[in-house]
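**Q** Let the hints inform the model, and build the full structure from the sequences given.
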Amino acid sequence: DVKVTQSSRYLVKRTGEKVFLECVQDMDHENMFWYRQDPGLGLRLIYFSYDVKMKEKGDIPEGYSVSREKKERFSLILESASTNQTSMYLCASTSTGTDSYEQYFGPGTRLTVT
Amino acid sequence: DQQVKQNSPSLSVQEGRISILNCDYTNSMFDYFLWYKKYPAEGPTFLISISSIKDKNEDGRFTVFLNKSAKHLSLHIVPSQPGDSAVYFCAAIPYNQGGKLIFGQGTELSVKP
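If you read the sequences in order, they're chains A and B. Quick note: the first sequence uses this note's numbering, first residue 1, plus one each step. Quick note: the second sequence uses this note's numbering, first residue 115, plus one each step.
Simulated from the structure, these hints should not be mistaken for lab results. This list has only true hints and no planted wrong ones.
Just so you have them, the derived chain B footprint on chain A, three or more residues with Cβ under 8 Å: (1) 35–43; (2) 101–109.
Facing chain A, from chain B, some residues (calculated, C-beta under 8 Å): (3) Tyr146; (4) Gly157; (5) Ser163; (6) Lys214; (7) Phe217; (8) Gly220.
In silico lysine-lysine, DSS-like type, Cα no more than 27 Å apart, as pairs: (9) A:Lys57 x B:Lys151; (10) B:Lys170 x B:Lys185; (11) A:Lys70 x A:Lys18; (12) A:Lys57 x B:Lys119; (13) A:Lys3 x B:Lys151; (14) B:Lys168 x B:Lys185.
No residue lacks a Cβ here, since even glycine has one placed at the ideal position from N, Cα and C.
**A** Set out below in structure tokens:
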């Protein structure tokens, strides 16, 4: 079974703090993704990575950065957290060449910025 | 600019009846379409997919229909069960973008006993 884990289920941070969200997958997938989910907006892609040390901006990268130093780990960084970054953050991974393009998701991190 | 739209935020169905969830898209350059199911406090899980060259894919109680001329796809669940109550997201994959998913807003399905 593919497993995608995220470092925290719930996180509360103060405005201006630097926040790290960690994601680890155990299936040797090349591709990893960070989304945020907000009511009425669905899932929106923040950043993705096709390989170690590679990163691509998604649809809403502003205020975020990422790091992929190892194949299995993809980190999302909020340099200076703001209240509008309060959201559910979801990490996903998938293998290049898969027929169905299925992405496997972690359980999510509910981040509250106060 | 919402390229994938689910215009019904919620749907309520009686147990045993058919649930039909709808999704519209604006871009013809999508390669694959997928449906995901999400329970509260969990990540989405893959349900079923369909290639843009097909018009139907079936997996047990779940069938996805694709109407390319109308840029519309639908997910049929027959018969609906209370355990199907969840938020359903449709998603599309653009050609040559390495599996990047574009999601709709989601439809919350409630199946009542």
